[in-house]
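From just these sequences and the hints, can you work out the full model?
For the protein sequence lines, the chains are H and V, in the order given. Heads up: the first sequence begins at 1 in my numbering, then just goes up one per residue. Heads up: the second sequence begins at 177 in my numbering, then just goes up one per residue.
Mixed in with the good hints there might be a few duds.
To give an idea of the chain V side of the interface with chain H (calculated C-beta under 10 Å), a few residues [said to hold, decoys possible]: (1) 337; (2) 411; (3) 412; (4) 435; (5) 442.
Keep in mind that the hints were calculated from the coordinates and are not lab data. Ideal Cβ placement from N, Cα and C applies to all residues, glycine included.
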Amino acid sequence: MQTVKMVVTGPFSSGKTQFIQTVSEIDVVATERKISSESERIKETTTVAMDFGRITVDDDLVLYLFGTPGQKRFDFMWEILSEGMLGFVVMVDSSRPETFREARRILETFRAYAPTPYVVTANKQDLPDAWDPSDMRIALRLAPEVKLLPCVATDKESVKNSLLELLYSILERMDP
Amino acid sequence: MALKGNLRDFSFSQLLNLISLAKKTGTLEVHGLDKDALLSFKGGKLIYAQNSRADNGLGAILARTNKLTDKQYQVIKDRAENIGDKELGLMLINSNYVTQDEILVSLKQEFVSTANDLFTWAEGIFQFENNIKPSPDKISLLISLENIIIEGSRQLQEKERLEDEIPSLDMALRFTENPGTNIRNVNLSVKEWRVVSFINPKNAMRQIARTTKLTEFEFRRIVYSLIQAGLVEIIRPEGSKPSSPKVSTLPVESTDDQKSLVNRLITRIRSL
Numbered sequence: 001m002q003t004v005k006m007v008v009t010g011p012f013s014s015g016k017t018q019f020i021q022t023v024s025e026i027d028v029v030a031t032e033r034k035i036s037s038e039s040e041r042i043k044e045t046t047t048v049a050m051d052f053g054r055i056t057v058d059d060d061l062v063l064y065l066f067g068t069p070g071q072k073r074f075d076f077m078w079e080i081l082s083e084g085m086l087g088f089v090v091m092v093d094s095s096r097p098e099t100f101r102e103a104r105r106i107l108e109t110f111r112a113y114a115p116t117p118y119v120v121t122a123n124k125q126d127l128p129d130a131w132d133p134s135d136m137r138i139a140l141r142l143a144p145e146v147k148l149l150p151c152v153a154t155d156k157e158s159v160k161n162s163l164l165e166l167l168y169s170i171l172e173r174m175d176p
Numbered sequence: 177m178a179l180k181g182n183l184r185d186f187s188f189s190q191l192l193n194l195i196s197l198a199k200k201t202g203t204l205e206v207h208g209l210d211k212d213a214l215l216s217f218k219g220g221k222l223i224y225a226q227n228s229r230a231d232n233g234l235g236a237i238l239a240r241t242n243k244l245t246d247k248q249y250q251v252i253k254d255r256a257e258n259i260g261d262k263e264l265g266l267m268l269i270n271s272n273y274v275t276q277d278e279i280l281v282s283l284k285q286e287f288v289s290t291a292n293d294l295f296t297w298a299e300g301i302f303q304f305e306n307n308i309k310p311s312p313d314k315i316s317l318l319i320s321l322e323n324i325i326i327e328g329s330r331q332l333q334e335k336e337r338l339e340d341e342i343p344s345l346d347m348a349l350r351f352t353e354n355p356g357t358n359i360r361n362v363n364l365s366v367k368e369w370r371v372v373s374f375i376n377p378k379n380a381m382r383q384i385a386r387t388t389k390l391t392e393f394e395f396r397r398i399v400y401s402l403i404q405a406g407l408v409e410i411i412r413p414e415g416s417k418p419s420s421p422k423v424s425t426l427p428v429e430s431t432d433d434q435k436s437l438v439n440r441l442i443t444r445i446r447s448l
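So, in structure tokens, the structure goes:
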């Protein structure tokens, strides 16, 4: 059995766990705990080690999706999770511009860990306060060639589109 | 009893706060990974500081603060090597090279700079010995620690913010392809120009920092301002990118097999 993995990363509460849950064929093996920090108490629980989803491709191939912990104090896990990944998705909450700087930091850190392809998703596009992806591109200082994809992590088609765009980027990288 | 520990466990700002509140008199030695520093205090105030990175003699300090020319400093170094700072200071004042105020301002600047640098040390073995004074030939000042603690903490916050923005110096820089911007029309300092002159996708930022002899903090500060101005962007250094991600990420060897595997993934995800 061959296995490959992709990493889903992003700031705290950007929707990583939901993204994986939406397409995983198994219940996501989540390692969530109640949030201890008052400043980050915008939801009840958060991922402390990793989320873990699976998509069986065929008898011989399985894709694993790993979600990184969003809180900064767990960022020692990132390097471990990024080892051997096929590519990564950086999720950004479009309605919380205060997290954009953290998203950039995470993106730069992962780029430094591994030269694998990546896409950035502008998640929670269904919320009334969501920023337009073109404004987010400027705010996140993304180069024109970086794919920034509108996304709603609860919507399967939207998540599928993000994963497919990442796979297309991986294919393009293989062409000399 | 000596006060001993590691900055990793007891930060420099906590240490200064303790010295200030307890109005301690003595000398603090800090041994970092690649540098050392020594600071002396009297009644909870900083009176002297030196570090292992530079010549701590009065002549060198006055040259660094542009109160003496390099030529004057060289003459002093050649002819007055064995003269203490106090005696040298008197000679320079009497011969109208510098005023007393200029000496005191330069020394204060140097001591505060040495203390500020310590705020950025992540670790270092420290030891405070009560009642140890600086060498009698050194000129002592009396500097309150409150402002140093506030300024140092501010710098530490800036350092952390810069590390958030530029987490790895192993990446490279390239000029942005913004047709409206011409770097020649931007007002840059000498240090900024030095950095700009080495910007090239082949040069990792760490190499540029080393070549330009800037500390990581100074270097990050410059790069951050260039990024904010939209002049440069961070990229992976040329030559470090593998031809394909097959070696570490895909369980098959040949490019055709890899493409086939990715296509299987695409087909499966489309069918979800």
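Next item in the hint list is residue 442 (chain V). Is there a CB on chain H closer than 10 Å to its CB? Holds: closest Cβ of chain H sits about 5 Å from residue 442 (chain V), inside 10 Å.
Just to be careful: measuring from the Cβ of residue 435 (chain V) to every Cβ in chain H, is the smallest value less than 10 Å? Hint holds; residue 435 (chain V) Cβ to chain H Cβ min 6 Å, cut 10 Å.
Quick check on residue 412 (chain V) please, does its C-beta sit within 10 Å of some C-beta on chain H? The hint holds - residue 412 (chain V) has a Cβ within 10 Å of chain H, the shortest such distance being about 6 Å.
Quick one, is the residue 337 (chain V) hint okay against chain H at 10 Å, beta carbons? This interface hint holds because 9 Å falls under the 10 Å limit.
Regarding the hint that residue 411 (chain V) lies at the interface with chain H, is the smallest CB-CB distance below 10 Å? Holds, because the Cβ-Cβ distance from residue 411 (chain V) to chain H comes to roughly 8 Å (cut-off 10 Å).
Every hint from the earlier list agrees with this structure, and none is contradicted.
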